[in-house]
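Novice: Sequence:
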Amino acid sequence: MSDTEVPSLDIGWPSGGFFRGVTRVAVHTHPPKDNGPHIKEVVRRLIQEASKVIAIVMDMLTDIHILQDLMDAACRRSVPVYIVLDDQAVPHFLDMCSRLQIGSQHLRFIRARSLQGVGFSMSFGKLPGSLFSKYMLVDGDKVAFGSYSFSWSASRMDRNMITVMTGQVVDAFDRDFRELYAISEKLDLYKEFHVSPPAANVTATIRSKLEPKRPPLPATTSRFQVSLGDSRNVEIQVPAHKYYNPKYSLLFGGSALPARSLHDILRVRCPQRPQDVKQSISGEKERLYLEVAEKK
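Counting from 1, one number per residue, gives the positions in the sequence shown under the numbering used here.
Since the hints were derived computationally from the structure, they do not count as laboratory data.
Wrong hints could be hidden among the right ones.
When the alpha-carbon atoms are kept at most 30 Å apart in a straight line, the in silico DSS-like pairs for lysine-lysine are as follows [unchecked claim]:
(1) Lys142 - Lys33
(2) Lys126 - Lys33
(3) Lys186 - Lys142
(4) Lys52 - Lys186
(5) Lys191 - Lys52
(6) Lys52 - Lys126
Model the full structure from these sequences, guided by the hints.
Specialist: Below is the structure:
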């Protein structure tokens, strides 16, 4: 058994074990036939519409437009992108990526690895082989495979063909990619591009430091409400609103009062303390008793 730990698909992978649907096939060629789309545009559209995962096994990945689409999917839409390249194609891949001015935000959802062929053992050593598989898995339910390499010359100068398939047949490519990814060698893109890996929750921390803290809003009440928290320790009073009307003088009797609030009027006309209320009630009882006695 190997002591090397099997790499995990740590940035996300669609769950398997379910029926992927009826297999459907579409064939595209270069040059296009029957007014069909360009072979490169078919691949770019699949990348631009991806929402769950993109997994690529390729012998050469140097097309600048396809690389830009992969970076946008990883950076802007947070789509996990896994790439397994032929070992001899890695320098060309890194050279084209360096022209895109890649930063840590682009690499967060990208994992790249390299792989050789099976090779052939001989008495003087082992002849290395190459990786000639060419396919791309999208969202776990679509696959594009064929002779087309993701390079400028393959889309402009060479004759190529790709087949786009959906349905249950994708499961075979899913298993094959997992196997190739497990036996491949890690390609540290942060180290290659001299970029520091992003720290966890760095976005939330920076945002909290930049945004000024808003002062807490004071507890306000309408003229029909009082705050329950304030009513425990503070005497509840009628809010003093500035809309005095002369009709209140008719209600409470007397001549027109100067422009004051309803709170001031109630304070003058109505008793506020409990002892004042008791004295008022007892005086009213005595007055009624005297009136009844005089009538008798």
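Novice: Against each hint, give a clear statement of whether it holds in the structure.
Specialist: Each hint tested on the structure:
1. Taken as a hint, the lysine 142 and lysine 33 pair is honoured in the structure, with Cα atoms around 22 Å apart against an allowance of 30 Å.
2. With a C-alpha separation of about 43 Å, the suggested pairing of lysine 126 with lysine 33 is violated against the 30 Å cut-off.
3. Between the alpha carbons of lysine 186 and lysine 142 the distance comes to roughly 25 Å, so the proposed pair stays at or under 30 Å and holds.
4. For the given pair, lysine 52 sits about 22 Å from lysine 186 by alpha-carbon distance, which is consistent with the 30 Å threshold.
5. Under the criterion of a C-alpha separation no larger than 30 Å, the hint pairing lysine 191 with lysine 52 is consistent with the structure, at around 26 Å.
6. For the hint linking lysine 52 to lysine 126, the alpha-carbon distance of about 39 Å lies beyond 30 Å, and the restraint is violated.
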